[in-house]
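Asks: What follows is each chain in one-letter form.
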Amino acid sequence: MSIVSPILAALRWEWFRISRRPGFHVIMSMIAGVVLLILLGAALIRNDGFGVGPSAFPFLIFVALTLVGPFLALFLSAFAFGGEYGWGTLRAMQARGMPGWQVILSKMLLVGLVLAVVWIVSWCLSTVVGLLAGDPDAPPTILPFADADVSWADTALLYLGNLLAAIAYMSLTVLLCMLGRSATFGLAVASAILIAESTVYPVAVFIIEAVYDFNLWDYLRWTLRGATSGLAGRYDDTNPWYFVPVVVAYIALFCSLSLAVLSRRDLDGGNG
Amino acid sequence: MNTSPENGRAPAVTVSGLSKHFGRVRAVDDVTLTIPSGGVYGLLGPNGSGKTTLLSMLTGFLHPTAGTIRLRGEAGPAGQRAARSRIGALIERPTFWPYLSCRDNLRCLQGIYASGGGDGEIEELLATVNLDGDAAYRKFRACSTGMKQRLAIAAALLGNPSLLILDEPTNGLDPAGIVEMRELIRDLAGEDATGDGEPRTIILASHLLNEVEQVCDRVGVMARGKLLYSGAVSEMGTTASVGRVHIRTTDDDRADSLLSEAGWELIDRSEEGLDVAVAAGREWKISRDLANAGIYVAELRPLVGSLEAGFMEVTGESEGGSL
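In order, the protein sequence lines correspond to chains A and B. Per my numbering: the first sequence = residues 1 to 272. Per my numbering: the second sequence = residues 1 to 323.
The set of hints was computed from the structure by calculation and includes no laboratory data. Every residue gets a Cβ at the ideal spot worked out from N, C-alpha and C, and that includes glycine. Check before you lean on any hint, since a few could be wrong.
Just some of the chain B residues that point at chain A, by a computed CB distance under 10 Å [as the list claims (entries may be wrong)]:
no.: 1; residue: 84
no.: 2; residue: 87
no.: 3; residue: 92
no.: 4; residue: 94
no.: 5; residue: 115
no.: 6; residue: 117
no.: 7; residue: 127
no.: 8; residue: 156
Bound-form chain B, shown alone:
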């Protein structure tokens, strides 16, 4: 069994040379990836980049064309089956028996998974995803898209799994639901899933940059079936050759004209300060130029766009915000 050098535990997921071909289409192409135990790992990529296919192979729904998968260090069929019994997954879309109520669907899956939580677990999960009360008795076929998505999250949480795989979990949720879901994911990541000190690992696939930035600790970027980047979210922004920083100075009006004259690209100007395009690792030069002119920097921080810039650079996209 392999262990992670970071915390001495086996990585939650290790894949090596993993590929999945559908005829001539290479949905996943030679992906090698290690996801450490604990925290939220974001899988970021445009539609059709292979995120869902990769996750479906982790859960055993799809058979790899090539490559190996280790779940908690287990590669053999028996070990993987045991590891999968501790995986909660929402892949693609919620799948439930349409003629059963939300509560009965959960009861049925609880019985099939033998998670053993009893009615208490069902009530707790329904409350966690805001499906308690009358909603719990509504037939699945009569549920709204958001309710179905929430029920799928509840089902994924059955048995308190140590690895949670969520494929675009905020799909179909209203803005308030999206905020709640992101908070829930953060909360879940902090839980001791197994009760023996083992942290819960969450893999979150998304095409929303801000979602990944808000929720994830680490990120993998996929495009055209390949894994192009894997590392800390904070590092990904700084690896971009061009990002954005927000600056607040002792004299923003002078700073504006000075930076423009010095050749810096000003992206935005507001009462809160200036947004400036800057190459990775060259932020200090802005501070230097301003200081030389007697203007002192009160605040200098990278913007959300840094991740976007990093993503664009990694994926080779030319335009932002079009995942």
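If we strip away everything but chain A, and leave its shape as in the complex, we get:
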């Protein structure tokens, strides 16, 4: 109780602040806009006679979450953490002895909850649209790397894994914000890492497969990118759930390092 109460209080005031930032509303409106756009796109595909119907929506929304989700996590975490350094408000928060872990945990919980809401709403929409499509055999999501023969429960697990991957990138961004004492630094470096992973990995895999005739993904599966891809079902020979502890370990590592940085460093008064 002594741990839960201050965390809940801190979480409440985190929400109080972030919900009053215009930028937060812009981000959330953009997400809603993208979802609507995909929904509209799926409807247009049917109208154009491609025969896919609204069941394309679950696939599209899942792919969109997979691609955009980590970036959304990056933006939200930089949003929640970064400004505190520049304004010097991290000092104000810790002025009465608030422990560093409480600061980090409350912010991460808030961003995690916002992400969870986005994912849950997407899954619900995906399910509803899939059911409305009227095809009981139509898979609610079409996996990019696996067979389409999945159950409703499988899709929920896939969404959960996808959310976990986003939280891992969120923790990485928090660490980078702490290291650079700036939202801009955290966001820029985390984005660079994410983009590099998305572009360099596949090219490297392609070249190495062509030259040396072996699957590089097998060696990359324990990296952050490999593990989060594993959660999305990239590896046919490995159950996605095996990657959950790996991704959780990455999250714990990033959080621990963030806490170490926050605890050991002096708190300056920001830039005004």
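Please arrange chain B on chain A, whose structure you already have, making use of the hints.
Replies: Chain B alone, transformed into the frame defined by chain A:
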């Protein structure tokens, strides 16, 4: 837990051998200091003397390079965290969320500090620092420097802290605001902060001699990271080898010429009397010289310059008024 011999309570702050180095710069260098519980303690020193660094270590914003800090006698991490929960601080400059109003900033900090005063406390604090009315709803980013400073004072007072650390609190305030702030600080020092008889202690860092003299009971003088003096404000003036006294006599014209002939340095002459430079503890000689000439002293009091002289002597400065 250490207790103060003066009132049987633990000193508000005890630091021992405290140092903070930034690379090769020794911002605070081996400071040992005890601040008793209750009253206003002034930390006086020129810019860059290490006042803010010392205060930042007390609040836990900066980690000491060496030395120990005891807050209310507590040295351990848990005890210090508990002690810090009862510290209100304004260090360097006001830090708030720019997109929130003054009222919302206070509400948010009240929630984070769990001070539990509710809306009543917010209204009271906003009124105390003259930020009630429309000003309370103004976004922090749109506030003037003075308003920001006042909001920071209000935030420091959240939860009725028993130790208040104010780093140059009158910065950015207009003359009327400065007078109000000094009165407020004096009033706050007299309050029973905790409600159980424990007095509030205020540490006021300033480079303004008259501010410290008007507001503080005790003073510590810092220069180049070192604490050069710590004691009562009144004693600091008298420790100076040369101060100033104001004299009013039964015949100021004769006193003027007599003292000049006797080798006393007259600094100023007005209808109210004479200002004379005098070595510490030698004021009685002025009275004697005048009495021997049949002139009687109606008033003899040390001037504000006494503290200034004391400061200059302590810090080794050669020129006055240039902190």
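Asks: Determine for every hint whether it applies to the structure shown.
Replies: Evaluated hints:
{"no.": "1", "hint": "84", "in the structure": "holds (4 Å)"}
{"no.": "2", "hint": "87", "in the structure": "holds (7 Å)"}
{"no.": "3", "hint": "92", "in the structure": "holds (4 Å)"}
{"no.": "4", "hint": "94", "in the structure": "holds (9 Å)"}
{"no.": "5", "hint": "115", "in the structure": "holds (8 Å)"}
{"no.": "6", "hint": "117", "in the structure": "violated (13 Å)"}
{"no.": "7", "hint": "127", "in the structure": "violated (21 Å)"}
{"no.": "8", "hint": "156", "in the structure": "holds (8 Å)"}
Hint violations for this structure: numbers 6 and 7, all remaining hints satisfied.
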